[in-house]
Amino acid sequence: MTVRISNMQRSSSFIDRIFQNQISLQQVQSELSTGLKVINPSDDPGRSGSIAIYQEAINRIDRHKQRIAFGTNMLEHQENTLDQANNIIVRARELAEQAANGPYDPALRAQIAEEVFQLRDQMVALGNTTFQGIYIYGGADDDDPPFDSVQYAQAPLNPALAADRRYFYDADPGSQVTRTIDISDSETVRVVTPGDQVFSLAIGSLEELGRSLAGYRTDLDVNSLPDGNGLAYTFPGDEAMQTAHILRALDNLEIARVEDIGEERTRVGARIGRMETVSSTLDSLKLSTEKARASIQDSDPIDAASRFQNLETQLQALLTSGAQIQQLSLLNFI
Amino acid sequence: MGGIGALLDLSRRALNTQSVAIKVTGDNIANVNTEGYSRRRADMVTTQATGDENLLIGSGVKINGVIRVVDTFLNSALAGRVNDRAATAARSDLLSRAEEPFSLGEGAGHIGYEMGRFFAALQDLASNPSDIALRNQVLQYGESLTQAIGSTYNQIASLQREADTRIAGHVQDVNRLSTEIASLNGQIATSETQDQENLTLRDQRDLAVQRLSELVPVSTVEQANGTINVSLPNGFALVNGTTSRQIEFVNSPSFAPVGGFPPGLDGGGLGHVVYDFDQTAGVDHMDLTQFIRAEGGTIGGLLATRGTQSTTDTSPFDAAGDLPEIASRVEAMARDLLTRFNVEYRGPDEDAVTTPAVVEPSSFGLDGSQPGVFGLFSFAGAADDGDGAATAADLAASGFSSFANRIQFGVTDPRALAAARDLDPAGGATSFASGDSSNLEGLLTMRTAARPAPPAAGSLVVGGYAMTTPIESVYADVVSLAGGKAAQSRSDFEVAQAQEDQARELQSSISGVNLDEEFAKLINYQRAFEAAARMVRVGDELLSQVLGLLG
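Residue numbers (this note's numbering), protein chains in the order written: chain A, 1 to 334; chain B, 1001 to 1551.
Hints in this document: simulated from the structure, not taken from any laboratory.
Do not rely on the hints blindly, as some may be mistaken.
Taking beta-carbon pairs under 10 Å as the criterion, some of the chain A residues facing chain B (in silico) [to be verified]:
1. 53
2. 64
3. 134
4. 173
5. 176
6. 239
Glycine included, every Cβ here is placed at the ideal spot set by N, Cα and C.
Excised from the complex, chain B in its bound form (with noise of 0.2 Å):
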């Protein structure tokens, strides 16, 4: 009896574990499309053999538990790639959107464009310069090439600002996703026993992971109780267990310099990513931004674009990173245009013998008008320091951080552009005569003329750009900057994005659904369970004709 009743009981566990199966295939089928799922399988083993004496026999088959397939290693390695991916992928965004203003095509609006027509009026109105109408088209080219200044520059500012608010945006993504980690770190810790994980929370919790990774650079280790603990690169846990640290992304933390860190290219700060170490009253903040920068993800990749500030940083162009070296050459040629031009504009120094310390103007306008310190190009709230000459100690003075946002042209009356020079400056009086273009002439000559290279007098440095080269090369090399940055940060995006796929591949062959397989073995399992419902049928016959010998 034993014998019959013990095959019954097999052909249960028999039905019982190839029902399980079916479940467990179609719960595979059913989440075919389902991102981060992890293939299950029902892991089936073989149940004690009993029996007596020399006779074991075995008794069925029983399911051990579900296993989710999955290769931690590959995970971590797919997390990786999509780290790099996501922070090339921010960079090569805001960079191929940074050379626009530089682009090769229609030239109206452009700099070099604008400048190259600028200089072009000052040539022919050096042919004719009592000639109102050419003083109009100077005024104009004047006024537009100062705009196309402004518009560029403004446009690379804007582009570091959205770049620092999307920096805020994905901080509290961060915490958001350290925070839901830790919650399913302790649902997984209370709800898994010895043998059985919970498979749905882990998944979960991949998932949280490799997006978080996408975000910042993140590295995670598994504990005994099946808690993971993330941290960054520097070793900074975001979580432990079943507790997160909520990241914050402020624009004066405890570490900034006296006066603050500079702002950034349009006036306003710069963010920098911290922890706050005292929780309960006032701050004490770590920097982790140039850690999340170093090592990739969005934030990195976006805080390498916009830049990122050190305490020795004095302007906004000290910022390390793409946009504020882009920035600097647009504004050294916003500077040379209110310092040296100024300068040239106003003529060699009249009466140098008299007073040696001021520099009085030597040329005029048609009227005998006779230009300002910033005649020529100018910015509201311009004021000289009494040297009557336009320099960089009156760009310091002013409390501006940046010019090309601000530059004008200073002339509004085509009369008072001044093209005429003092015939004699070294004497007393002065005499000029209308059709004298030798104000001009001066001016043009800025053109081609080169800077001396820093710490010479006259040199003019921005951030950690020396131009040394004349005003129109300065355009050109910016060109081939921004071109040459936003090439480069495309073909890097396009290497991290073949690598992520790679990855992803490898990743998916080992835990991606794939419904022809799940379908070969859904027909293995029912196959199975109707021998199994067969095997019962077996015992049922065989026990009703035993009973049918007893009565």
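Only chain A is shown next, with the shape it has when bound in the complex (with noise of 0.2 Å):
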């Protein structure tokens, strides 16, 4: 225990310690100015690291968000797009049914056969569709439309004439890959299908029927697609096998509509769910992830607030107290 204090001594605490309250109101100031109350990591060292995991996290769920809108606005159009497509195919049907079975009229069937092609052709269309430059039903590949043509084998034939194209899923590197985009750290939803799997059967059985309307054999393959060669009809005598083929381009129509393109329409439609479903899990992580890192990080205002208030009182009570003492002298008594 000091049993004598010194002038230098005593004006030198003094200083030390208004430097010391100035410096703790600094930092509250700095506290209530930005509603932190750990800004450097030495602030909480023990919980710093965990602060800059939980920002990162936050920043990375809106980036996850941001991929879902785009995902979801794809998945979208695909829906669309299929949507499309199946009415393609019944106004097909309706056409195919009236020609097969009403009186055998060849130019009523010419006529219709014309219609066909063009829905032939607006089924290609959908199947080249792109979304932001992607190729929806390209695979991989966003160079080149995943559709093609190529004329039919037997010549000689018209070149102008729709039912002499065939179109194909075209085999470019990448064509068959499948396409995701990351929504979440673990997981990923499908976005570009190979449109073979969708399309093809669709656009192949509308050539048949065009083709059977327009007067020509569409040879299959085993999976009912065209390969290529087809000869004319002669008439008369192939009245019937003109018919039968007509409905057998039905038949695959309808498969088409119901496994390829309905089926996809489905899946496509559970993608969107689950997307809908992992943004709002994605909205509560983050909450849950912000109140972590605010309950770690964040200044109480209330708090601060009244810490400021005391420290202030402090110092006045120091600068009030410190400068009567330094008055006291014996010299003002002697």
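With the hints as a guide, bring the two chains together.
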């Protein structure tokens, strides 16, 4: 215990205490203005690493949600495309039934054939549809449209005739790749399906239907797709065959509508639903991560304001008492 | 007559004594704010009693000497505390600035934030690999990531350089103070008598010793002739009587290993505190660095933070110290990007059968271009040793000691960014699709992939740090490390400061001047002077009466 104190020690202690108070005031002021009590890692070294991880996790969730929005738009575009494909087939069936069930009329059949080929071309356009530069049904090949055309083998035929062109799924590298996007740290969703699985049968069956109505056979391979061969019908005699081929095309169209396009439509719907589920899971995860971060890093404004008030009061008391003590001296009395 | 004469004599001595005491008090009052001043005290003793027969009468008072009121034990205890405080202050200052690049406030420019953005950009591109805007985003964020790594590393490296420069300046201060103490020793030895110390010079010398102990840990021993010897904890004498030894701060001491010590973090040399025993020709250095570092002082604190090198060190990150430790983790992130990420970016070995010794790339940009060995992350002067893979051997062969300060993003053409891989790497021909993102998917797996622990193949060791966690975890680790060091050093400083304050209070309670006390003494001596003056008048009156009787 000291029994003396020197003037220099007294004034230096006074100044030190003022500094300490002012430094504490500045720290609390910084806390109040930023709303954060942990800005530097040394403010809470044990948990600063966790804060860095939480901040990064929140940023990552935001990016996942942006990607989910992109993916959802892409899948909704696919839904729309498949709905249109469904409607094309329904219209084609109406036309085919009209031609098959009515009295034999070659002129009528030829006229219906023209419309069917227009439907076929629309179907090809749907298969070649793009979304922000991506061929949705092209696999990983974004350079060329997935459905290309070639002339039928038998000649001579009029190249201008729509029946002369056969559309097929291009086998460029990457055309069989299914593509996905990351929607969370551990989940992906398919957004690109190779087009042959969805449209090849529909396009091929429309082609078969159109060619039959226009007067040409269409030979099919084991997958019920046109193999590029098909001689013209000879009339009279081939009327029954023509009708049979029209009906065969109708059956294949129905298979395409229900199994290829319909099932893909269902899967796309399911993927959209999954994206929505993951999105709302990410919302809750973001909320809980944000809460965890805030509980460590954020300042309680009421507590900080109260501490500021206390320090301010202490400083005032320190300055007042210090000034008074400094003035007391024996010199005043002698 | 002898009685009255003796009375006058006694009064004269009393007047003299009290006036000297007043002067001493005045000296104290004048020096109330002088740093290093120890209050003086006039040592009054009663003079020899004289007389004859059985009557011994005292002959008054005299000043035996003016004494400095000091407690040498408290002084040396204070010097020790000052030493600790200075060491912790130096360390705390540097480490609080070293944690700035890792702050948890605004994110842009910090490694963790930029790394997250870069990986997110890769994921965005994976959903649409042929989109040029998304490719440009990857290039932009890759560039930001390398800049964040570089600027963080450079901030740590510049703190190390600053510490080194400050040590050089402080070594000059040590030499100056040693010279001053030796000179004061000489002056004290010649000017002091048996009865009276040279108070002013001793105060100056005490202050010089205290300033010296702020820089380096010292102990003092006073000799019989009044000089002091000042030495470092290992016994090395800085001051021996009237001679002082000049220490040096050199980059290439005589005990350096063949090839020299490795450079510091910025590529420049780091100094060693040495004493050259061969002052005539050649050099024969004694290493004082470790002794000073271990015991404290500003130089010790700076050395501990800057890092000290040993003869077995091979890289800047082997130095033992806080800043190399922090920098080693930043360097590990840079090396991970330069090796593992570049290897993954080239894709699996194309035609592993044909030329198994050389890795051929299987990844492609939009127009079919393929990446080089340092395709994704690179540095000026990067070259492959011929095996087609970016490895630690390639980094070592480049001759650079650090890569965090020179890492660059290797892709400049957005179309050249290799997002796709060969669809059939085993086959001879290559084929890829513009919408394929498998190379990006491969890169993204690197984000969460750990490295094996050494000495397994594929391990990454930088200095004393072995990277066994994924790259993002390394960032969280260095945030904790920097924060922990800054907090610990700040807490150490606060403790040392409090202990110094306490020691200073004790020392000051003995040696400090209190004005009220001096004023009270002044009144006392003044009254005594007045009383002595009255005695002179009484003696004079007595003598006058005696003389009046005679004549």
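Hints, verified against the model:
Restraint check, residue 53 (chain A) versus chain B: the minimum CB separation of about 5 Å is within 10 Å; hint holds. A cut of 10 Å between beta carbons decides the hint on residue 64 (chain A): the least distance to chain B is about 8 Å, and the hint holds. The interface hint given for residue 134 (chain A) holds, since its Cβ lies 6 Å from the closest Cβ of chain B, which is under the 10 Å cut-off. Proximity of residue 173 (chain A) to chain B holds as hinted, the smallest CB-CB distance being about 4 Å (cut-off 10 Å).
Among the interface hints, the one on residue 176 (chain A) holds; its C-beta lies about 9 Å from the nearest C-beta in chain B, closer than the 10 Å criterion. For residue 239 (chain A), the suggested interface contact is broken, since its CB lies about 47 Å from the closest CB of chain B, more than 10 Å.
Against the hints set out earlier in the document, a violation occurs for number 6 only.
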